[in-house]
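J.: Heads up: the sequence lines are chains C and S, in that order.
Just so we're aligned, residue 1 is where the first sequence starts under our numbering, counting upward by one.
Just so we're aligned, residue 1 is where the second sequence starts under our numbering, counting upward by one.
Don't take every hint at face value.
Stated by the list, open to error - Here are the simulated EDC-like cross-link-like pairs (lysine to aspartate or glutamate), alpha carbons at most 16 Å apart as the crow flies: (1) C/Lys455 / C/Asp398; (2) S/Lys367 / S/Glu98; (3) C/Lys110 / C/Asp41; (4) S/Lys229 / S/Glu193; (5) S/Lys293 / S/Asp270; (6) C/Lys89 / S/Glu115; (7) C/Lys122 / C/Glu140; (8) C/Lys89 / S/Glu121; (9) C/Lys251 / C/Glu290; (10) C/Lys545 / S/Asp349; (11) C/Lys89 / S/Asp349; (12) C/Lys470 / C/Asp534.
What the hints assert, rightly or not - Coverage of chain C stretches by chain S, computed from C-beta distances (three or more under 8 Å per stretch; other residues unrestricted): (13) 86-94; (14) 420-433.
Honestly, the hints are just simulated from the structure, not real lab data.
C-beta atoms are modelled at their ideal positions from N, C-alpha and C, and glycine is treated no differently.
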Amino acid sequence: MFSYGKEYQVIVVGAGHAGCEAALAAARMGCQTLLLTMGLDTVAQMSCNPAIGGLAKGHLVCEVDALGGEMGLNIDETGIQFRRLNTRKGPAVRAGRAQADRMAYSARMKGVLEAQDGLDLKQGVVESLTVDALGVCGVETRDGLSFAARSVVVTAGTFMRGLIHVGLKSYAGGRAGEPASEGLSDCLRGLGFRVGRLKTGTPARLSARSIDFSMLQRQDGDRLARPFSFMTSGPVGVDPVSCYIANTNEKTHEIIRQNLDRSPLYSGVIEGVGPRYCPSIEDKVVRFPERASHQTFLEPEGRESAEIYPSGMSTSLPPDVQLAFYRSMVGLEHVEIMRPGYAIEYDFVEPTQLRATLETKKVAGLYHAGQVNGTSGYEEAAAQGLLAGINAARRSKDQEQITIGRDEGYLGVMVDDLVTQSTREPYRMFTSRAEHRLLLREDNADQRLTPLGRKVGLVSDQRWEAFQKKMEGIGVGLKVLRDHRVRPSDSSVMAGLGLEKLRNGVTLEELLRRPEIAITDMVPLTESLAVLSDDVLEQLEIATKYEGYIERQLEQVARQREYEKIRIPDGFEFSTIESLSNEVREKLLEIRPQTLGQAGRIQGVTPAAIAVLNVYLRKHKHG
Amino acid sequence: MAVFMPAPRSYTCEDVVEIHCHGGQQVVKSIIDLYLSVGLRLALPGEFTYRAYTNGRLDLSQAEAVARLIHARSEKSQSLALAQVDGLLSRSIFQYKEMLRESLVLVEAWIDFPEEDIPPETSTGVLSQVSGIIDKIGGLLDTYHTGRALVSGVSLLLLGRPNVGKSSLLNALLGEDRAIVNSTPGTTRDTLEESLTMGGFPVRLIDSAGLRDTGDQLELEGIRRAQGKVSVSDLVFVVVDASEGLTDEDKDVLEVCDNSKVFLVVNKIDKNCDQDLSCFLSAGLPVFAISAKTGQGVDRLREGVASFFDDGVSSPESSVVVTEERHRDSLSLCRDSLLRLRSAVEAGDSLEFWAIELRAALDALGKISGETTPDDVLEGIFSRFCIGK
Chain C
1 MFSYGKEYQV
11 IVVGAGHAGC
21 EAALAAARMG
31 CQTLLLTMGL
41 DTVAQMSCNP
51 AIGGLAKGHL
61 VCEVDALGGE
71 MGLNIDETGI
81 QFRRLNTRKG
91 PAVRAGRAQA
101 DRMAYSARMK
111 GVLEAQDGLD
121 LKQGVVESLT
131 VDALGVCGVE
141 TRDGLSFAAR
151 SVVVTAGTFM
161 RGLIHVGLKS
171 YAGGRAGEPA
181 SEGLSDCLRG
191 LGFRVGRLKT
201 GTPARLSARS
211 IDFSMLQRQD
221 GDRLARPFSF
231 MTSGPVGVDP
241 VSCYIANTNE
251 KTHEIIRQNL
261 DRSPLYSGVI
271 EGVGPRYCPS
281 IEDKVVRFPE
291 RASHQTFLEP
301 EGRESAEIYP
311 SGMSTSLPPD
321 VQLAFYRSMV
331 GLEHVEIMRP
341 GYAIEYDFVE
351 PTQLRATLET
361 KKVAGLYHAG
371 QVNGTSGYEE
381 AAAQGLLAGI
391 NAARRSKDQE
401 QITIGRDEGY
411 LGVMVDDLVT
421 QSTREPYRMF
431 TSRAEHRLLL
441 REDNADQRLT
451 PLGRKVGLVS
461 DQRWEAFQKK
471 MEGIGVGLKV
481 LRDHRVRPSD
491 SSVMAGLGLE
501 KLRNGVTLEE
511 LLRRPEIAIT
521 DMVPLTESLA
531 VLSDDVLEQL
541 EIATKYEGYI
551 ERQLEQVARQ
561 REYEKIRIPD
571 GFEFSTIESL
581 SNEVREKLLE
591 IRPQTLGQAG
601 RIQGVTPAAI
611 AVLNVYLRKH
621 KHG
Chain S
1 MAVFMPAPRS
11 YTCEDVVEIH
21 CHGGQQVVKS
31 IIDLYLSVGL
41 RLALPGEFTY
51 RAYTNGRLDL
61 SQAEAVARLI
71 HARSEKSQSL
81 ALAQVDGLLS
91 RSIFQYKEML
101 RESLVLVEAW
111 IDFPEEDIPP
121 ETSTGVLSQV
131 SGIIDKIGGL
141 LDTYHTGRAL
151 VSGVSLLLLG
161 RPNVGKSSLL
171 NALLGEDRAI
181 VNSTPGTTRD
191 TLEESLTMGG
201 FPVRLIDSAG
211 LRDTGDQLEL
221 EGIRRAQGKV
231 SVSDLVFVVV
241 DASEGLTDED
251 KDVLEVCDNS
261 KVFLVVNKID
271 KNCDQDLSCF
281 LSAGLPVFAI
291 SAKTGQGVDR
301 LREGVASFFD
311 DGVSSPESSV
321 VVTEERHRDS
331 LSLCRDSLLR
341 LRSAVEAGDS
351 LEFWAIELRA
361 ALDALGKISG
371 ETTPDDVLEG
381 IFSRFCIGK
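All chains should be modelled from the sequences, with the hints used to inform the complete structure.
T.: Here it is in structure tokens:
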């Protein structure tokens with residue numbers, strides 16, 4: 001083994017969506033950072049669908065952005081179709097979704113990494129971690145190089161012992177056309193980590209030239225859409241590309257049914273567990289036999305690319321069956337497959353072995369982020385990568401670790417779920433997982449997280465000034481709403497708002513609470529509102545219209561925080577508390593929660609057990 | 001008796017008031033209800049010990065002993081709860097939870113999967129399901145009066161000026177239950193308590209001292225005590241003498257009572273069969289004409305008592321009855337959420353606000369029979385709808 005010699009503070013293994021955020025965060029925080037990837041040509045690769053965002057995922061992108069991450073900027077610049085979902089619903093469940101130009105997305109991110117001061121981007125396959133009594137010390141590559149650092153972030157994706165299945169044939173691989181990583185998960189197992197196996201899949205990529213789009217329904221993007229990043233000026237999606245909707249039919253289903261014996265899923269070859277929310281087309285046909293048709297969105301992979309991604313059609317059937325069933329669909333009669341779909345099994349490290357900082361409990365300085373934690377999705381990965389990168393950097397600088405609460409972000413909800421609940425399938429974010437959903441909006445991600453991003457050193461002066469200006473605007477605006485009264489004598493104003501019958505004066509705030517009145521109706525009434533920006537006005541409207549609900553959620557948050565504040569020290573002797581039942585004690589010993597709040601969310605830990613723990617922890621605290 | 005223990009010389013080192021009362025469950029419940037109605041809340045399991053510990057009253061070994069006790073108790077109450085959960089109430093609750101979960105599954109699917117191939121958003125199904133549950137929970141809550149009476153028993157107070165025959169009525173009512181009587185002797189001026197059953201309801205019968213306006217110190221004390229008892233009794237028999245009509249003193253006695261739970265018992269009709277009893281109807285109360293001496297009318301009085309406590313839940317074996325105060329509280333919290341949900345739906349509020357109320361309703365039911373986790377809801381979505389792009 002040859003020691004590379006250069007002193008790094010943070011090493012990131014893997015340059016997917018998690019690794020890129022982790023490495024950028026660490027370098028931007030002033031750490032000498034090394035990013036090692038198996039393939040320099042596949043940085044920030046979109047292995048599955050070429051899209052970013054959607055419900056809860058869009059929220060995560062905005063949170064990454066608010067903390068000073070890169071994903072939002074990257075998709076704003078390389079998106080080729082933007083849409084806003086749930087525009088008719090309330091603000092908390094509206095989300096952005098964008099089709100990316102896959103190659104452009106990857107290329108831009110690579111450029112950002114290359115241009116980042118303090119960051120070395122290198123190709124290399126990490127085979128093992130070096131660890132001493134104090135924790136992690138560095139990594140060793142297959143080529144015989146060793147790199148030293150106090151913090152290491154592992155973002156291995158689906159590469160650890162990746163096994164690709166196409167029909168009954170299988171071969172080792174981390175992604176189509178890329179090798180698997182064989183050594184790393186053995187190394188982690190050797191360090192005592194519990195390692196499990198998951199499964200996921202992807203559809204075939206189809207050639208656009210072979211598709212008859214005239215037979216399909218077109219779906220256009222929004223023109224001039226709202227960007228993901230706080231720092232992207234002006235709307236995005238100026239020249240959107242179109243997606244198309246195709247449908248399976250009885251014949252498609254018949255072909256699939258007749259060939260199930262050639263599916264690795266149904267012949268018992270695959271042992272890993274796949275996601276319920278992303279079933280393969282063969283799963284859909286088997287589980288919902290009453291459905292005569294399933295919908296698929298045909299999404300272009302880029303402006304220049306001919307590759308088309310048929311969403312919802314992931315499959316591990318053999319290539320001949322794939323070709324037959326795709327060709328049974330209207331518009332796809334002559335379709336050519338450019339890359340076949342496949343299923344992949346891979347190792348993940350059970351995330352209950354992590355702290356809420358994403359540092360492993362077993363090995364100090366070792367952080368895990370992304371699919372290695374059993375999650376799914378680019379956004380989930382990026383958000384974890386950012387948090388892991390921040391904490392890895394702070395550790396190197398001997399600064400206190402940060403965590404994000406369930407009431408502060410989807411990132412907090414996700415990490416808390418990961419560290420307290422056992423993973424049975426790849427974890428994907430849904431808004432229904434957030435009990436404080438009304439507080440966790442895309443539109444207020446900056447208010448929730450930008451101060452933290454500033455504190456850790458990821459928010460630039462430019463962003464910070466813009467943020468502060470917005471916050472000042474909100475403060476001024478709320479005061480105007482409370483203080484400005486409309487009098488019945490202002491008859492023209494009243495008529496304008498349809499309120500001729502109003503007898504007494506009302507404040508703008510009271511008026512705005514009425515469902516039929518929007519903030520834009522009030523802007524003409526007073527100059528002090530007219531000078532405020534649109535995003536400030538939006539916040540004023542949301543704060544006023546949803547005040548009752550928001551207050552209820554804030555009360556919930558306050559109750560929950562009581563237990564979050566009570567910390568359980570590392571190595572706490574759960575086994576000495578006789579009054580805990582065996583079942584509860586085993587759960588606590590397995591997961592080793594770090595706060596009383598975490599303990600309470602572990603399934604099977606009763607309120608009585610929490611009361612007992614509470615008494616013990618108070619004692620511990622007072623010595 | 002109430003004892004005030006100022007801080008820090010109390011168990012918890014905080015100001016503590018202890019209420020000492022007669023050991024009957026009914027009395028305790030009435031007192032607790034009274035406090036709850038003015039805004040106090042029940043202590044959480046182990047809260048007193050917790051406060052005692054945090055305020056430094058208990059050391060760890062003492063706290064541990066108490067913690068173990070709490071644990072043992074909660075384990076036991078959990079198994080008791082499970083026994084109850086095995087019953088009809090739990091089946092109903094389970095049914096409501098399933099229905100609410102179904103609604104939540106739909107709502108969450110509409111929120112999180114706007115682009116998937118799922119049934120279109122509509123409020124009618126959710127609205128009708130929720131309205132149905134609101135009605136059913138209302139029905140359940142109505143059984144609490146009876147349910148509580150059946151399980152915890154009721155208190156029945158005998159009241160009246162002296163010498164109207166309260167004691168003989170007590171004996172007449174006890175007649176058939178002599179075997180289970182556990183008589184507490186006392187002076188004539190003190191109150192006596194007896195236990196018996198009437199129409200299946202356990203009854204604690206309290207014979208008070210005679211109520212009369214008098215300067216006699218001891219008599220006043222008896223009246224004060226009787227008046228106190230009126231407010232915590234479930235039913236009051238105001239006993240009057242048939243031969244004397246409704247006297248001013250009788251009217252004074254009625255004054256101290258709450259009319260909603262008073263039977264006017266006209267005793268000694270054997271003495272005065274010819275007397276026109278219509279004068280007693282003027283009070284506007286249920287009137288029972290009896291003779292404690294001959295037993296005439298006593299059975300009818302017994303039936304009257306049974307039907308007073310039985311709100312049409314005639315055969316509790318076949319219908320669901322709420323007997324626990326905590327169950328009643330959870331059900332009524334659930335109903336409150338569902339009522340808010342209905343207004344939110346009717347006002348056209350967005351789906352995420354429906355979800356908040358549905359979750360609150362499920363959480364309330366979850367306090368009776370296990371929570372509904374976010375994963376339960378996701379499971380419902382994925383098993384019902386073909387999701388996955």
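J.: The structure should be examined with respect to each hint, and the outcome stated for every one.
T.: Do the hints match the structure? See the list:
Taken as a hint, the C/Lys455 and C/Asp398 pair is honoured in the structure, with Cα atoms around 15 Å apart against an allowance of 16 Å. With a C-alpha separation of about 15 Å, the suggested pairing of S/Lys367 with S/Glu98 holds against the 16 Å cut-off. Distance hint between C/Lys110 and C/Asp41 is fulfilled; the C-alpha atoms sit about 9 Å from each other, no more than 16 Å. Taking the CA atoms of S/Lys229 and S/Glu193, the gap is about 12 Å. The hint holds against a cut of 16 Å.
Taken as a hint, the S/Lys293 and S/Asp270 pair is honoured in the structure, with Cα atoms around 8 Å apart against an allowance of 16 Å. Our distance criterion of 16 Å between C-alpha atoms is met by C/Lys89 and S/Glu115, whose separation comes to about 14 Å. A threshold of 16 Å between alpha carbons decides the hint, and for C/Lys122 with C/Glu140 the separation of about 13 Å falls inside it, so the pair holds. Annotation: proposed proximity of C/Lys89 to S/Glu121 holds, straight-line Cα distance about 11 Å (limit 16 Å).
With a C-alpha separation of about 14 Å, the suggested pairing of C/Lys251 with C/Glu290 holds against the 16 Å cut-off. Only pairs whose Cα atoms come within 16 Å are accepted, and C/Lys545 paired with S/Asp349 is accepted, the gap being roughly 11 Å. Taking the CA atoms of C/Lys89 and S/Asp349, the gap is about 8 Å. The hint holds against a cut of 16 Å. Our distance criterion of 16 Å between C-alpha atoms is met by C/Lys470 and C/Asp534, whose separation comes to about 10 Å.
Given a C-beta distance limit of less than 8 Å, the hint that chain S covers the stretch 86-94 of chain C holds, as 6 residues qualify and 3 suffice. Look at the stretch 420-433 of chain C against chain S: 5 of its residues bring a Cβ nearer than 8 Å to a Cβ of that chain, three or more, so the hint holds.
The structure is consistent with each of the numbered hints, conforming to all of them.
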